[in-house]
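There are 2 protein chains.
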Amino acid sequence: MIERLCVIGVGLIGGSLARALQAAGYCGEVVGCSRNPEHLQQAVDLGVIDRFETDIVTAVAGADMVLVAVPLGAMGSVFAAMHGQLAEGAVLTDAGSAKGSVIEAARNAFGGLPANFVPGHPIAGTEQSGVAASFPELYRDRRVILTPLQQTAPDATARVRAMWEATGAVVDEMSPEHHDAVLAATSHLPHVLAYTLVESLSRLGDSDEIFKYAAGGFRDFTRIASSDPVMWRDICLANGDAIRKVIERYIDDLQQLAAAVRDHDGERLEAAFAAAKQVRDRFVENNAGPE
Amino acid sequence: MIERLCVIGVGLIGGSLARALQAAGYCGEVVGCSRNPEHLQQAVDLGVIDRFETDIVTAVAGADMVLVAVPLGAMGSVFAAMHGQLAEGAVLTDAGSAKGSVIEAARNAFGGLPANFVPGHPIAGTEQSGVAASFPELYRDRRVILTPLQQTAPDATARVRAMWEATGAVVDEMSPEHHDAVLAATSHLPHVLAYTLVESLSRLGDSDEIFKYAAGGFRDFTRIASSDPVMWRDICLANGDAIRKVIERYIDDLQQLAAAVRDHDGERLEAAFAAAKQVRDRFVENNAGPE
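The listed protein sequences derive, respectively, from chains Z and A.
If you count the first sequence from 1, position 107 lands on 87 in the numbering used here, and the numbers rise without skipping.
If you count the second sequence from 1, position 5 lands on -15 in the numbering used here, and the numbers rise without skipping.
Possibly wrong hints are sitting among the right ones.
Claimed, not checked - Within a straight-line C-alpha distance of at most 30 Å, the following computed DSS-like cross-link-like pairs (lysine-lysine) qualify:
#1 A:Lys192 with Z:Lys225
#2 A:Lys225 with Z:Lys192
#3 Z:Lys225 with A:Lys225
Keep in mind that the hints were calculated from the coordinates and are not lab data.
Could you put the whole structure together from the sequences, leaning on the hints where they help?
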């Protein structure tokens, strides 16, 4: 149980956690904090948070659990603002999509890594953002990855794990480096590919006509290109090394495919597509039921 | 009105046309034809076709409208088999995803382009295939592109247009070259990108683990990688020149994006992502209502 949860950044991610914990009866009071009082008032009106503060020091006072769910680029300043202000025994966690950069930001802000800081990342979300898009089932059956460090207190990790499990999520632990490599491949790369495709096509001669003939497959394929540009800018900056590595690998593979097209190598094309279909069909079967 | 429609290749595309025309009362009898009597019997059992033939000559006899909806690689042999066999005044059309190659196949098979041949392409489909996946609303509010040639009889084009309009589709006309360039950009490229991503990731160390942490965005992004590999092999072979051109352009754009990541150029990343989001949001608004 959490007596007072402080959510810093009350958007889709922070808002959905608050809703889920309230729905589970796992949480006493929820205090929201961000720089925008209008958004916070909206969160109160929607019943997502009980009250709000725009000052981080006041917001974290007396909270036994603090979730930082702000864009990656803002993590450092949020950590710096709460330095020395957390209640005794309070646990601090975050929801950043890249872990190495958040850990670095915490190290700098706190002058070392606090034992009560548990880096985390819920693998969930939609292309929507903002508290109005939040809903209590966002994390049900989704994965949450925690990347506790040597300095992290096992009890703090256990409390963050229990919190996410209360939302219906499945919690795993791994190293920050491994997290960042895996997410670069499965999430950051697809977003970069989708953004690049739409942007690339929009620069073609008559792009309105181009999009007129795009079908349902295109709509699904590019859905993630409707994601928040600032969030994805931050992810590309925060996890740049891993992302560049997967982009380069991908370009190599795409060049090989283009070569197969040039060589009219039907056998190779069919083998590549069939292998992809098999893997993708298995992924759907294993993960979220039939489509 | 069509008195007897002959559908060669009774899968998602041909089956859905038959269902739509029957639902609209636009069609007397539907005769199905393919090489596989089991599939054809299934189509009869599902009420998609009235009867079937496995021989093309018998199938087209007496039909006033013939739709060829077979993989692009099979178009040539189907055309050759029906050479000289169509009923007087019958109109022939196809549903191939690339038009230049189908027109070339027709020219070779018929020894020139018949006046009653209207190349066409319904821009609709799902990643499913087969007659069991067909449904009468597939073409509602979708685009169908016809690419009539100088040799094509205007009356034949008008009849094919009327047929597709009876399914609820919106029919446009353009040159085969323009069709192939537009479709390479909006459909063929996204499929190649999705197939390549899944195949690329599946060759990573522990691909089962990789996919375990893929979220909803990945599922949508890769949906088209569950499409029929043979169909997409054929499309890549049939529209290879246009596809290679868009792949090369895309690789250039992706390399520039990787450079922005390398240079920590947040401004450029945000501008690219914001432009893409704006275009994609407008596309959704213009095309198929809110998500």
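Status of the hints after comparison with the structure:
1. A:Lys192 with Z:Lys225: holds (20 Å)
2. A:Lys225 with Z:Lys192: holds (20 Å)
3. Z:Lys225 with A:Lys225: holds (24 Å)
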